[in-house]
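Letter by letter, the chains look like this.
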Amino acid sequence: MPQTRYVIIGSSHAGLSAVEAIRLTDRDNPVFLLTQEDTLPYSPTILPYVVSGEADPEKIFLKDEDALKGSGVVYRRGEKVVGLDLHARSIILKSGEILDYDKLLLATGAAPVLPPVEGLEGVSCHVLRTLEDALGLRRAMEGSRSAVVLGGGLIGMHAAENLHKGGLKVTLVEALDQILPGYFDREAAGLIRDIFRENGIEVLTGSVVTRVFEDRGRCIVSLDSGEERTADLLLVATGVRPRIGFLTGSGIDAEEGVLVDERMRTTHPDVWAAGDVAQAPDFFDSGKKRIHATLVNAVEQGRIAGMDMAGDEALVPHPGGIAMNTYRFFGHRAFAVGLGGENSGELSPHHLVEKTGPRYRKIVLQGGRLVGASGINDGMDPGIIAELIRRKIPLQGLEERFISDPLGTGRVLMSRTWR
Amino acid sequence: MTGNGYRTIAFYPDRCDGCNLCVEACAEHHAGSKEAVHSRIRVCGDEEGRYTGIALCRQCSMPRCAMNCPAGALSKDPETGVVCWDEEKCVGCLLCTLTCPYGGIVFNAASGRVMKCDFCGGRPACVEACTRGALELKRGADLYNAWGDLEDLVVPGISACLGCNSELLLRHTLRRIGPNVVLATPPGCIAGVGAVGVNGKTAVKTPVFHPLLTNTASMLAGARRYYNRIGRDVTMLALGGDGGTADVGFQSLSGAAERGEQMIYICVDNEGYMNTGVQRSGTTPFGAWTSTTPVGSVLRGKTREAKPLPLLMVMHNCEYVATACTAFMEDYYEKLEKAIEASKKGMAYIHVFSPCPTGWRFPPGKLIEAGRKAVQTNIVPLWEFELKTGRIRFTYPVDDPLPVQEYLSLIGKFRHLDEEQIRLIQEQTERKIQILKAFTKEGRDGDETRVEGVGS
Ligand SMILES: Cc1cc2nc3c(=O)[nH]c(=O)nc-3n(C[C@H](O)[C@H](O)[C@H](O)COP(=O)(O)OP(=O)(O)OC[C@H]3O[C@@H](n4cnc5c(N)ncnc54)[C@H](O)[C@@H]3O)c2cc1C
Ligand code: SF4
Numbered sequence: 001m002p003q004t005r006y007v008i009i010g011s012s013h014a015g016l017s018a019v020e021a022i023r024l025t026d027r028d029n030p031v032f033l034l035t036q037e038d039t040l041p042y043s044p045t046i047l048p049y050v051v052s053g054e055a056d057p058e059k060i061f062l063k064d065e066d067a068l069k070g071s072g073v074v075y076r077r078g079e080k081v082v083g084l085d086l087h088a089r090s091i092i093l094k095s096g097e098i099l100d101y102d103k104l105l106l107a108t109g110a111a112p113v114l115p116p117v118e119g120l121e122g123v124s125c126h127v128l129r130t131l132e133d134a135l136g137l138r139r140a141m142e143g144s145r146s147a148v149v150l151g152g153g154l155i156g157m158h159a160a161e162n163l164h165k166g167g168l169k170v171t172l173v174e175a176l177d178q179i180l181p182g183y184f185d186r187e188a189a190g191l192i193r194d195i196f197r198e199n200g201i202e203v204l205t206g207s208v209v210t211r212v213f214e215d216r217g218r219c220i221v222s223l224d225s226g227e228e229r230t231a232d233l234l235l236v237a238t239g240v241r242p243r244i245g246f247l248t249g250s251g252i253d254a255e256e257g258v259l260v261d262e263r264m265r266t267t268h269p270d271v272w273a274a275g276d277v278a279q280a281p282d283f284f285d286s287g288k289k290r291i292h293a294t295l296v297n298a299v300e301q302g303r304i305a306g307m308d309m310a311g312d313e314a315l316v317p318h319p320g321g322i323a324m325n326t327y328r329f330f331g332h333r334a335f336a337v338g339l340g341g342e343n344s345g346e347l348s349p350h351h352l353v354e355k356t357g358p359r360y361r362k363i364v365l366q367g368g369r370l371v372g373a374s375g376i377n378d379g380m381d382p383g384i385i386a387e388l389i390r391r392k393i394p395l396q397g398l399e400e401r402f403i404s405d406p407l408g409t410g411r412v413l414m415s416r417t418w419r
Numbered sequence: 001m002t003g004n005g006y007r008t009i010a011f012y013p014d015r016c017d018g019c020n021l022c023v024e025a026c027a028e029h030h031a032g033s034k035e036a037v038h039s040r041i042r043v044c045g046d047e048e049g050r051y052t053g054i055a056l057c058r059q060c061s062m063p064r065c066a067m068n069c070p071a072g073a074l075s076k077d078p079e080t081g082v083v084c085w086d087e088e089k090c091v092g093c094l095l096c097t098l099t100c101p102y103g104g105i106v107f108n109a110a111s112g113r114v115m116k117c118d119f120c121g122g123r124p125a126c127v128e129a130c131t132r133g134a135l136e137l138k139r140g141a142d143l144y145n146a147w148g149d150l151e152d153l154v155v156p157g158i159s160a161c162l163g164c165n166s167e168l169l170l171r172h173t174l175r176r177i178g179p180n181v182v183l184a185t186p187p188g189c190i191a192g193v194g195a196v197g198v199n200g201k202t203a204v205k206t207p208v209f210h211p212l213l214t215n216t217a218s219m220l221a222g223a224r225r226y227y228n229r230i231g232r233d234v235t236m237l238a239l240g241g242d243g244g245t246a247d248v249g250f251q252s253l254s255g256a257a258e259r260g261e262q263m264i265y266i267c268v269d270n271e272g273y274m275n276t277g278v279q280r281s282g283t284t285p286f287g288a289w290t291s292t293t294p295v296g297s298v299l300r301g302k303t304r305e306a307k308p309l310p311l312l313m314v315m316h317n318c319e320y321v322a323t324a325c326t327a328f329m330e331d332y333y334e335k336l337e338k339a340i341e342a343s344k345k346g347m348a349y350i351h352v353f354s355p356c357p358t359g360w361r362f363p364p365g366k367l368i369e370a371g372r373k374a375v376q377t378n379i380v381p382l383w384e385f386e387l388k389t390g391r392i393r394f395t396y397p398v399d400d401p402l403p404v405q406e407y408l409s410l411i412g413k414f415r416h417l418d419e420e421q422i423r424l425i426q427e428q429t430e431r432k433i434q435i436l437k438a439f440t441k442e443g444r445d446g447d448e449t450r451v452e453g454v455g456s
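Top line first, the protein sequences correspond to chains A and B.
Sequence positions in the first sequence follow the numbering used here and run 1 to 419.
Sequence positions in the second sequence follow the numbering used here and run 1 to 456.
It is possible that part of the hints are untrue.
Unchecked claim - Result set (SDA-like, lysine to any residue): computed pairs, CA atoms no more than 25 Å apart in a straight line:
1. B/K138 with B/R372
2. B/K76 with A/E214
3. B/K89 with A/L315
4. B/K205 with B/R225
5. B/K89 with A/S52
6. B/K138 with B/I158
7. A/K392 with B/S291
8. B/K89 with A/D66
What the hints assert, rightly or not - Listed below are several chain B residues computed to face chain A (Cβ distance under 7 Å; list not exhaustive):
9. G49
10. L95
11. L98
12. T206
13. P294
These are calculated hints, taken from the structure and not from any lab test.
This structure is a prediction, so every number in the text was calculated from the model and none was measured.
Using N, Cα and C, we set each Cβ at its ideal position, and we do this for glycine too.
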């Protein structure tokens, strides 16, 4: 192995996954892992459980000092990167320190964006992305009796449920006419929304916030319907944006996120990007580069970046990002993989809906292959479904059976094809 | 440091009849109820009633589930290789179920939590419950490491031919049996490679002697009786060739077996007198070329079939009888272990298939492949017989054997075979398997009748 100094900015899923992959090929060269937060590595996905108290904030860390040291990682916490010099092959830290690299991975993830709503800048509102945010939200919940959540994506939905369970009266406002649009179609989303409503959460879809202001320490939210909601606590979860500010002027090509190819290479030879910060080829539309800001994607991309950085010959280029997730809410469970949300377009899906339970199943086939599936309280193996889609496995005459018994048929296909 | 070998559970679909005992055992072990909802193992079956595989944690080396768990609740135990689930840390997000392509970590609707195989602390209940041998606990490199830790009782640099099976067999056999042994090697390859001595020095670090071809078993019987009398428990081990076992030495072996003499007799069957010029023996198979069964215009190799020596030993009511092949070392080690125990009571006989590159004419590098192919074609079925059960058990059942030609074409001594001969060998092979199968019938608790004359 030639002398190589790996530097990874971001110590969450993409960064950790890259470290693991590098170490499979390159046991010796130093790896510098940086995070701007003053904590051990953790996952933002755990934060709703920190808010609800289900996860002990002391025990959420994915690696401890010993484990990091054991894999030859120099872990530098509380180090914010503010600039990148491609020619000198170095990054600039907020402290003024300059750190050289031979190979650099950008895994800085994404940060919440505030929507352009009048008055929002002037009020104190919460977001949920870092451990600090979660602990702050938890503290704020103690003195609060009501909350408004802006945004009906996964983070907003999680937060609304937790605030509700914390004893607050909660209103969730979503501008689109359904919640969770990236994953579920209108019908499935409606079932989920109904469960929220039955539990006492007010869910307003197709409702746009026109103005926000503060009045005697409380927050007033005006809606386009003319109504208002008053709350002690305002949480904004209307979306995230890649953290690429420090790259401005550096010469790294970026649109919404850092542009990468199927090996997670940026337009510059010594620099890779993975996870929420990367804009990578899409599985279903290979010409297009998209951001799939999910944990699974961050792990996968981080692994590929790490393999490529270390020159691992076993690397199989990324087949492209696929939208996929699991979701637990009020004792129910849901998952979605691939096409089937509001992105399924012209495809004619196969449905099974039982309002009681409720139970919901959607299978989307295209040319004898599975391209999407989602379910609520439906027994499927999401991982097998995802693999069938990823590998484009032909169902070979098992279509009908798959639609009626996706669990059993999926397992038979699995055991026949990849064991 | 030697690498750790982890355990895995192997599934043989052909042996599975879908009885679901494994599913019940798993549920019972983990939840105290037989309900399938609690089982971490599920058998996958298609509509035609064929079983195709299992949905079960593969204990991956780089588990995706662990990499994707936001709570740090999943991790691979470096000692056992088991991917462990920490109930306390798990927040129930189900992301792990999205990343496992095997259905190995699943949601349990009764408990509301995910569950996965934990290997039951090392003795999986499913494997123990399976009566058909469809699930097997496979031990990986740890076995080889364990064997590596045993003392090699054979000196370096012995004079075996290149690629000879004898060296492999001799070293491993003595490793497992250990130094508390008296070894007898009648004239043959084992003695010839140096076991009994070159220039006054022996190649093994244990007591060894060189009986005649005719009296190996009786001499060992005498030695054992002497040790019994002075109150020492010493293992008697013979490593004899097929000539010294099946032909010239058979009467003394047969007598010792009939008397129940306490010893391990291992026949190293290289199917002929290989170190005296490749002559035929009683175990040379049909069709094989040897210097005394030549191939010419009239003769086309041996015209008679080999003696079924292991079966003859079963009929002697030996404590233990097994066949073995060095291409299946794990199987051989298990059999050695049973033989050691059995030899405390009576005769343990192991018949080892020993391909000989020199006499059979195949490249030295193909030894293991020859062994594998012989087993996979059913030419050399691997089985064992225990007097206490009174029946034969296949230890590596080959339900879907390769055509015999796949084995025969590897070996020079079969190169001349014509289609008719190959057809005959195929037939003989199938017939022999049928005979063996008749001995596998349950003799004790089952409702099938016991094979007459075997066991008592
Ligand atoms: C509340 C919440 C719930 C979620 N739930 C789910 C879910 O259920 N399923 C799912 O798939 N995904 C979920 N996600 C998304 C998921 O957490 C992300 O997709 C994933 O964490 C992305 O990983 P990453 O490594 O790309 O970036 P991040 O996890 O965002 O990590 C970025 C890292 O970069 C560091 N960093 C950033 N900028 C700098 C800088 N300038 N200098 C130094 N360090 C820097 C940060 O400190 C951090 O260590 C959720 C996210 C949130 C916030
Ligand atoms: S369900 Fe539990 S074990 Fe699985 S990924 Fe979530 S927290 Fe980890």
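Legend entry - Violated hints, by number in ascending order, as checked against the structure: Structure breaks hints 2, 3, 6, 7, 9, 12, 13.
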